[in-house]
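> Chains as they are written, first to last, in full-length UniProt numbering: chain E, 1 to 150; chain S, 1 to 196.
The hints are simulated quantities; they were obtained by calculation from the structure and are not laboratory data. No experiment lies behind these values; they were computed from the predicted model shown. Positions of the beta carbon are idealized from the N, C-alpha and C atoms, including for glycine. There could be a bad hint or two in this list.
Stated by the list, open to error - Using 27 Å as the maximum straight-line C-alpha spacing, the simulated DSSO-like pairs for lysine-lysine come out as follows:
| id | chain 1 | residue 1 | chain 2 | residue 2 |
| --- | --- | --- | --- | --- |
| 1 | S | 138 | E | 101 |
| 2 | S | 96 | E | 101 |
| 3 | S | 92 | E | 101 |
| 4 | E | 130 | S | 165 |
| 5 | S | 93 | E | 101 |
| 6 | S | 138 | E | 141 |
| 7 | E | 145 | S | 96 |
| 8 | E | 101 | S | 165 |
Claimed, not checked - Partial selection, computed: residues in chain E whose CB lies under 10 Å from chain S:
| id | residue |
| --- | --- |
| 9 | 87 |
| 10 | 99 |
| 11 | 102 |
| 12 | 103 |
| 13 | 107 |
| 14 | 111 |
| 15 | 116 |
| 16 | 126 |
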Amino acid sequence: MKVFKTIAWILLIAFVGIQFFPTDRNQNEAVYVSDFMRVNNVPPVIQNKIEVSCYDCHSNNTKYPWYNRIQPAAWFLEDHIKEGKDELNFNEWDDYSDRRKNSKLRSIISQIEDDEMPLDSYTLIHRDAKFSESEKKEIIKYMTKLKNNL
Amino acid sequence: MKKIRMTVGILTMALVSLITMSCKDGKKEGATEPMSNEMHQEDAASEMMADNSSKEGSSAILDNYLKIKNALVADNQEDAAKAGGMLFADFKKFDKSSYSSDEQQELTDIIEDAKESAEHISDSPIEHQREHFDILSKDVIDMIAITGTDQKLYQDFCPMYNDNKGAQWLSTTEEIKNPYMGSKMPGCGKVQKEIK
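Can you make the complete structure from the sequences, with help from the hints?
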């Protein structure tokens with residue numbers, strides 16, 4: 001009994017302890033000249049859907065959920081956001097060469113087609129980020145058109 | 001009694017913070033270490049390569065590209081991943097100084113794009129490897145158009161892959177061995193042209 005109590009205390013203290021190590025927040029309200037929405041003529045419906053579903057991890061501005069205030073959840077999110085931005089940053093779209101735009105679009109299309117993006121772990125909480133079948137079709141159609149016009 | 005408890009509590013907390021802090025640092029160190037190793041290796045490699053022409057750089061790239069292709073033909077994720085890692089290093093140390101400035105610009109774009117695909121191939125499941133092999137093939141074909149090659153190559157095309165959008169690849173044999181379909185449809189595709 002005493003052992004359990006000690007373990008519980010240690011866990012509690014550890015939990016409190018790690019709260020003192022905050023993460024850098026990926027938040028920047030700046031408007032980017034190179035942003036995907038600025039350089040492409042994106043229909044409002046598609047723009048809205050992409051911003052809601054993708055921009056949290058694929059741009060320089062994340063709308064954080066409440067649990068980002070708690071460790072270790074924030075560390076987990078930080079990793080995801082870092083990886084997401086490395087792969088694709090919509091804010092920096094126009095800095096990519098045409099060749100890379102082409103490759104990114106190819107990946108965007110197949111990831112959405114195969115339901116790999118947005119991540120299940122993300123849509124579990126962000127229900128509005130989920131793509132319906134018709135939204136999927138619209139976005140793929142739009143991205144394909146963009147790719148063919150490069 | 002209360003006092004003792006509190007002191008113990010504070011001490012434990014300090015200890016835990018220390019541990020977590022060192023853990024985090026440890027993690028960071030662990031992450032940077034292989035990179036610095038890699039850099040040392042690269043230094044050694046670039047010294048060794050110093051008097052090699054960039055033609056050899058492109059043939060190293062082609063060799064590892066073909067290794068990935070053969071691994072994907074054989075549905076071998078592991079070998080494809082290994083070759084992907086090596087290909088990434090080849091692209092990183094590719095010396096484009098002997099080309100014209102237009103060609104260098106083009107090569108920079110190609111390498112930037114290809115490096116990313118090589119990296120994905122080095123740590124992804126096979127279907128994702130194939131997706132990036134499609135992107136990579138385009139890059140390598142365009143690179144060869146600039147650098148040339150000593151090997152006789154066949155540019156092949158599979159019309160079915162990627163929902164019938166089709167995909168290209170390079171091979172050293174005339175016989176079709178499809179890296180996108182693997183053992184499901186090894187003979188799918190046709191030769192588009194010969195490169196020499």
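> Looking at the structure, which of the earlier hints fail to hold?
Hints 7, 16 are the ones this structure does not satisfy, whereas the remaining hints hold.
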